[in-house]
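As they're listed, the protein sequences go chains A and B.
With the first letter of the first sequence counted as 1, position 183 gets the number 183 in UniProt numbering; the numbers rise by one all the way through.
With the first letter of the second sequence counted as 1, position 237 gets the number 237 in UniProt numbering; the numbers rise by one all the way through.
Don't take every hint at face value.
Identical chains share a label here; the pair holds if one copy fits it or two copies do between them.
With a straight-line cut-off of 20 Å between C-alpha atoms, the simulated EDC-like cross-links for lysine to aspartate or glutamate are [as the list claims (entries may be wrong)]: (1) K269 x D196; (2) K199 x D29; (3) K199 x D55; (4) K202 x E127; (5) K53 x E91.
Quick caveat, the hints were computed from the structure, so don't treat them as lab data.
Keep in mind it's a predicted model, so treat the numbers as computed, not measured.
Number of protein chains: 2
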Amino acid sequence: MAKQPELDDFRVPYFDGRKKSKFSLDDFDPAAKPFSTGAKDSDRARLSEIGAKLDNLQECLHAQQKRRVLLVLQGMDTSGKDGTIRAVFHEVDPLGLRIVPFKAPTQGELAHDFLWRVHSQAPAAGELTIFNRSHYEDLLVPTVLGALDAPAFDVRCRHIRQFEELLADSGTTIIKCMLHISKDEQRARLQARIDDPTKHWKFDVSDLDARKQWDKYQAAYRDALAATSTEYAPWYVIPADSKTHRNVMVAELLLRTFGALKLEYPPAKESLKGVEVE
Amino acid sequence: MAKQPELDDFRVPYFDGRKKSKFSLDDFDPAAKPFSTGAKDSDRARLSEIGAKLDNLQECLHAQQKRRVLLVLQGMDTSGKDGTIRAVFHEVDPLGLRIVPFKAPTQGELAHDFLWRVHSQAPAAGELTIFNRSHYEDLLVPTVLGALDAPAFDVRCRHIRQFEELLADSGTTIIKCMLHISKDEQRARLQARIDDPTKHWKFDVSDLDARKQWDKYQAAYRDALAATSTEYAPWYVIPADSKTHRNVMVAELLLRTFGALKLEYPPAKESLKGVEVE
Numbered sequence: 001m002a003k004q005p006e007l008d009d010f011r012v013p014y015f016d017g018r019k020k021s022k023f024s025l026d027d028f029d030p031a032a033k034p035f036s037t038g039a040k041d042s043d044r045a046r047l048s049e050i051g052a053k054l055d056n057l058q059e060c061l062h063a064q065q066k067r068r069v070l071l072v073l074q075g076m077d078t079s080g081k082d083g084t085i086r087a088v089f090h091e092v093d094p095l096g097l098r099i100v101p102f103k104a105p106t107q108g109e110l111a112h113d114f115l116w117r118v119h120s121q122a123p124a125a126g127e128l129t130i131f132n133r134s135h136y137e138d139l140l141v142p143t144v145l146g147a148l149d150a151p152a153f154d155v156r157c158r159h160i161r162q163f164e165e166l167l168a169d170s171g172t173t174i175i176k177c178m179l180h181i182s183k184d185e186q187r188a189r190l191q192a193r194i195d196d197p198t199k200h201w202k203f204d205v206s207d208l209d210a211r212k213q214w215d216k217y218q219a220a221y222r223d224a225l226a227a228t229s230t231e232y233a234p235w236y237v238i239p240a241d242s243k244t245h246r247n248v249m250v251a252e253l254l255l256r257t258f259g260a261l262k263l264e265y266p267p268a269k270e271s272l273k274g275v276e277v278e
Numbered sequence: 001m002a003k004q005p006e007l008d009d010f011r012v013p014y015f016d017g018r019k020k021s022k023f024s025l026d027d028f029d030p031a032a033k034p035f036s037t038g039a040k041d042s043d044r045a046r047l048s049e050i051g052a053k054l055d056n057l058q059e060c061l062h063a064q065q066k067r068r069v070l071l072v073l074q075g076m077d078t079s080g081k082d083g084t085i086r087a088v089f090h091e092v093d094p095l096g097l098r099i100v101p102f103k104a105p106t107q108g109e110l111a112h113d114f115l116w117r118v119h120s121q122a123p124a125a126g127e128l129t130i131f132n133r134s135h136y137e138d139l140l141v142p143t144v145l146g147a148l149d150a151p152a153f154d155v156r157c158r159h160i161r162q163f164e165e166l167l168a169d170s171g172t173t174i175i176k177c178m179l180h181i182s183k184d185e186q187r188a189r190l191q192a193r194i195d196d197p198t199k200h201w202k203f204d205v206s207d208l209d210a211r212k213q214w215d216k217y218q219a220a221y222r223d224a225l226a227a228t229s230t231e232y233a234p235w236y237v238i239p240a241d242s243k244t245h246r247n248v249m250v251a252e253l254l255l256r257t258f259g260a261l262k263l264e265y266p267p268a269k270e271s272l273k274g275v276e277v278e
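Could you build all of it, start to finish, from the sequences and the hints given here?
Dropping the structure here:
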């Protein structure tokens, strides 16, 4: 019988100070469905089951007001960042979620260091925050555009590790997911958007330019992930050609992460015992 | 046959510059269920139906990136602000929602004018933002505590009207809901929290102090609503002793508000016609 896959098989090896790790995105098949239950219907049922658990765990996180959780979602255009958020968090109370989309930085933001706008959005005690894109864009985009050379890239990676260590040391659990799709799957998804005029608002011609740089983006992703996967802020590669698989795997990862926090509701208040409201 | 209730029957009369309007909260029965379909099951079905429509409308709002929508939720402790958000927006994509809880202002916030922290949270183009409590707390609490006299109260009301007019003139649709519960219903809900030790974390002893000031809070609410219900930012009184009724009525109100915006998806882009992705 084949070995059951484990979430840690999809974790990018921790950065050990050496620039050239043997980690390669090519070792991960975007079309794989290791965490699928075997059928779409049962995947959806599993997702719903995990969603209800995440809802409870999130309430517990909020009740405690101690820990913070940060989920970072990255991936090429059409890799399904929005869809993941919609599907995985459907059962979670919107009161307990904060979703932060990062667009191209504005002039005002560029007048600061690249982590300034990100730091201000870090989760507070009791919060579950999702970064929809993140500070990793500031590694990827300028690298592909040729505006960030290798030494400057390394410096940014170091700053990111130190920044994430600060968050972790301050009570934040960080998980980072790269939604990994194939070039063919991206073509199909982009074409579907073009062919449906009601979806044109989702489409920007620059998406096609970014696609032309596919290989450069994949290389930049590899280097970024290899240099910033750490014990306190690990990266996971999520095979994402199948949307249901992608959703189930991200949900399983969150469920395990929350489980490791051993969250409990705060104890009853003795002072309230026997109180009658007038 | 009795006249069917209309949402506008629950709208607080627009402020006309005179301090003493005949508006009274006593004219609204907290236990009424005017927008209930008649049974809890069918109310839940109706809520789910409206939720799916709101999800589409919110996507359309986001696609257009023009209008903004702001829902302000106010009400006494246990009136159900959290529960309303959870129930009404269950079907809405969490990507399209931003929920802003306002707690007691910090020292840093008090060093600014009372609208400073609120303005920074106003919805951006394409956003649906919910204020869970709001700038109205800065009218109600200091009034009840005796820290805001009548002339200062009037000045704050004027500043609020002018602030909301600025938002409205800049493309924001504002609706404000006061979740109206009876004193008896609040007793039952507070007692239920006390009697369940696993809910103690939701309970603060100061909730009992606020309850002792019930009449003063009701009077402050009356005055605040009367002075700040305007054509561009109307207040609605939501009978809220029944949770399902409360949820359905807020959902109906939002549905009508979104409907009035006549949202449409942006037109197809001619430049994308026939494009083949390579």
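- prompt: Which numbered conditions among the earlier hints are violated in the structure presented, ordered from lowest to highest?
  reply: Violated: hint 2 alone.
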